[in-house]
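Q: Chain by chain, the residues:
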Amino acid sequence: MYDVLIIGAGVVGCAAAMELSKYKLKVCVAEKESDVCEGTSKANSAIIHAGFDAKEGTLKAKLNVLGSQMMPELAKKLDFAYKRNGAMVLCFDKADLPKLDELEQRARNNGVDGVRVVTGDEARKLEPSLSDEVCGALVAETSGIVCPFEMTLAFAENALQNGVDFKLSTLVTGIDKNENGFTVHTSRGDIQTKVIINAAGVYADKIHAMVSSKPLGITPRRGEYLLMDKAAGSLVSRTIFQLPTKMGKGILVTPTVHGNLLAGPTAENIDDKDNVSTTKNGLDEVKAKSALSVKNIPFGKVITSFTGLRAVGDTGDFIIAQSDVKGFINAAGIESPGLSSAPAIAQYLCEIVGQILPLETNTDYIGTRKGITHFTALSKDEQNELIKREPAYGKIVCRCETVTEGEILDAINRPLGATTLDGVKRRTRAGMGRCQAGFCSPTTMSLIAKKLGIKIQDVRKSGVYSTQRRQDDE
Amino acid sequence: MNEYSLLIIGGGPAGMAAAVAAKKAGVDDLLILERDSVLGGILNQCIHNGFGLHTFKEELTGPEYAERYANMVKEQGIPFELDTMVLAVEKVQGSDKKAVTVISAKRGVQTLYAKAVILAMGCRERPRGALNIPGSRPQGVYTAGTAQKLVNLEGAKIGKEVVILGSGDIGLIMARRMTLEGAHVAAVAELMPYSSGLKRNIVQCLDDYGIPLLLSHTVVDIKGREKLEGVYIAKVDENNRPIEGTQEYYPCDTLLLSCGLIPENELTIGAGVEIDPRTNGASVSESLETSVEGVFSCGNVLHVHDLVDFVSEESARAGENAAKYIQSGIDRSSKTLAVNAGNGVRYTVPSRISLANLAPLNHIRFRVTGVYKNVSIVVSSGEKELLRKKSQILVPSEMVDLILKQDKLKDLDNDISVYIEEVGV
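Order-wise, the sequence lines are chains A and B.
Going by numbering that gives the first Met the number 0, the first residue of the first sequence is number 0, and it counts up by one from there.
Going by numbering that gives the first Met the number 0, the first residue of the second sequence is number 0, and it counts up by one from there.
In short, the hints are calculated from the structure, not lab data.
Warning: the hint list may mix true and false statements.
What the hints assert, rightly or not - 30 Å max Cα-Cα, derived BS3-like pairs, lysine-lysine:
hint: 1; chain 1: B; residue 1: LYS90; chain 2: B; residue 2: LYS388
hint: 2; chain 1: A; residue 1: LYS454; chain 2: B; residue 2: LYS159
hint: 3; chain 1: B; residue 1: LYS159; chain 2: A; residue 2: LYS279
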């Protein structure tokens with residue numbers, strides 16, 4: 000019997016698991032995919048928003064600002080990439096200039112520091128690639144960029160090292176309420192738990208409907224992105240947003256924390272919760288709108304395009320509360336600024352759990368986590384020391400991102416390790432560069448195959464195949 | 000002592016041929032740096048035949064061709080280091096030396112110094128992301144070369160029902176290879192109205208197996224969540240835009256991409272070498288020297304070749320010129336003429352010729368911009384016509400190699416122009 004079962008191992012589920020592991024609770028995370036960070040958390044803008052955008056008094060505003068404030072220390076303690084690069088919101092029409100002042104006022108109301116309005120020329124002085132059409136901008140110093148995979152993994156690994164169980168490739172198929180709590184039926188057997196946290200992203204409505212007859216609406220909103228080569232990564236140093244224009248909600252252009260350039264997302268409500276296809280129209284829209292903000296974006300240097308689905312709730316705000324069913328807590332409708340808010344959402348969820356179960360501090364809680372050693376981030380002396388100790392770090396597998404065999408082995412061998420090509424890619428960046436895994440995937444596949452004891456052709460890009468195969472063989 | 004006369008980056012066909020030629024010309028103090036665990040580069044996965052007709056006057060497989068050169072390297076005692084990747088090439092301030100930073104399990108991260116460097120890193124395939132094909136991102140989409148490596152070197156069975164986008168040579172070779180592996184290849188779709196592969200490969204790899212080549216077609220959507228389920232192929236108009244209503248669904252579990260090769264010049268750019276945007280390779284002189292003195296470039300990292308024999312020949316010249324640079328220096332006093340790509344010519348290698356450094360026979364290599372029938376290739380300098388050659392057919396997939404004798408060039412005053420003459424032939 001678990002005290003808390005979290006459904007969904009995205010950034011919210013993993014952050015909640017980490018937070019709950021600070022207390023003497025038996026916690027489990029059930030995830031339908033074979034890895035953490037497989038849904039909305041893996042395909043988004045990777046921005047830690049400053050918190051000036053959300054309306055005053057909303058959970059979005061409160062948790063965003065708090066999350067953003069928590070981020071620098073979390074990144075240090077849990078060893079994930081985060082950078083406060085600042086942001087700008089561009090205005091293209093003089094008639095819209097008052098909207099910048101409104102945003103500045105909202106920032107003040109929300110408790111966001113380091114926000115000011117500048118003229119178009121001042122904006123271009125700060126970011127020389129900005130378009131000549133920019134007539135004013137809001138500058139926010141505390142906006143940041145993060146690696147969403149590393150961040151989610153860091154939360155998950157920290158939860159794991161503090162005793163949380165992770166059940167991957169485990170699809171929840173039904174939930175029965177009983178006097179002690181819940182029996183949760185899954186593709187891998189039943190799980191008993193006192194409390195459930197529903198962090199199932201775009202599927203949160205389906206999970207909710209398993210226990211409650213009250214409606215909870217989640218609409219998948221498709222967002223398409225273009226990712227460009229590192230050669231384009233320094234075109235802008237800040238995250239560049241747009242005020243909404245006549246053409247609709249704007250599109251952002253940002254460096255990523257690893258030095259690529261990212262443009263997107265589109266915003267299109269769809270029905271299919273699994274449809275992460277890109278479309279010609281969507282990618283064309285990203286190009287057209289991002290070109291309004293920044294001059295000479297090198298679209299010839301696109302290395303990949305992708306689509307993410309935001310889980311848009313029907314209330315306009317995050318839906319984080321105990322439902323009408325006692326012990327069943329929703330963490331639903333976590334669209335933007337969900338990534339930024341995740342650690343604060345986790346604290347908020349803990350408070351709600353505390354109203355149901357007694358919370359006793361776990362004095363053994365380990366507050367730091369060591370991530371995969373990224374070889375390129377080391378000094379030459381450190382690199383040489385590492386190679387001497389572990390010769391596998393002297394062998395480059397991914398040429399484009401300079402990822403060593405040592406890092407890939409670490410990604411595969413560590414607890415909650417990668418079992419797919421995408422899993423290795425997200426943990427190490429092997430295959431994330433300009434050749435998009437053309438050269439390194441055969442080597443990575445053979446390393447995974449060796450670890451799992453399967454044939455190379457059974458190693459999967461993503462999904463449950465690799466682990467399924469392993470378990471079926473056992 | 001980490002000082003060398005010559006460092007050669009890459010131990011594929013280009014690097015090996017350059018090393019062998021430099022050694023023959025008297026450079027003893029040289030080293031080949033190869034990132035793979037064996038010499039031979041991409042040839043090792045090209046297990047089909049058709050290599051070496053020019054160089055060895057016989058038909059070899061890729062590994063056999065590689066072995067011939069690897070044996071020459073070994074017989075001549077040329078040192079090479081495997082599993083060694085170059086991280087950076089830089090000019091050393093106040094010296095004509097170049098600093099080459101390498102990494103290997105044996106050396107760790109170390110900087111080597113050399114008087115001359117030959118860049119022979121080869122090329123990579125254009126990935127799906129760069130092609131902007133909409134759709135999902137399932138398992139089963141590979142570049143043709145990656146699939147070739149998985150099938151030929153790892154013994155993997157990657158799929159049963161195959162569609163190939165792009166008619167580059169690797170894609171054509173893989174159409175045959177997958178068929179021989181028991182798969183069914185439904186079609187090869189090519190965006191352009193002509194193939195980007197060699198004629199002989201279309202005949203031997205597609206026609207012989209009844210595989211249709213759909214010219215002016217492209218993949219417009221990719222279906223399947225975790226595993227590829229099928230693709231939509233549509234016809235394109237003269238501007239290469241898909242024509243509404245022409246799309247057809249092809250169920251498949253494998254999509255191979257053979258849509259172009261890109262010279263791998265990240266190190267080159269880092270070294271401050273000027274790049275020719277037409278080839279994505281270095282801009283070079285008649286000596287195959289880049290804009291940085293003592294840094295030479297050859298093979299597919301310079302411009303993508305269709306025959307390895309041409310790579311070997313070109314790279315041997317780079318090796319000889321590097322030897323000349325090391326031993327006596329390259330004459331920089333004389334006049335330098337630009338070699339310009341005129342009508343119908345996409346680029347030329349070299350892009351400049353310095354008259355003091357002419358060889359008895361001088362190569363100008365180029366590709367045409369489209370299909371040309373019954374035309375003349377003309378090389379001129381001002382009013383002077385240096386060469387005129389009739390050709391029944393010229394296609395972009397086949398590199399043209401022109402040879403100009405020294406005495407034709409040595410007294411020229413004006414820049415050289417290479418162009419296709421379409422009328423009055």
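Q: Are the hints correct? Go through all of them and say.
A: How the hints compare with the structure:
1. LYS90(B) <-> LYS388(B): At roughly 42 Å apart (the allowed maximum being 30 Å), LYS388(B) and LYS90(B) break the hint.
2. LYS454(A) <-> LYS159(B): Roughly 17 Å between the alpha carbons, so the hint for LYS454(A) and LYS159(B) holds.
3. LYS159(B) <-> LYS279(A): holds (28 Å)
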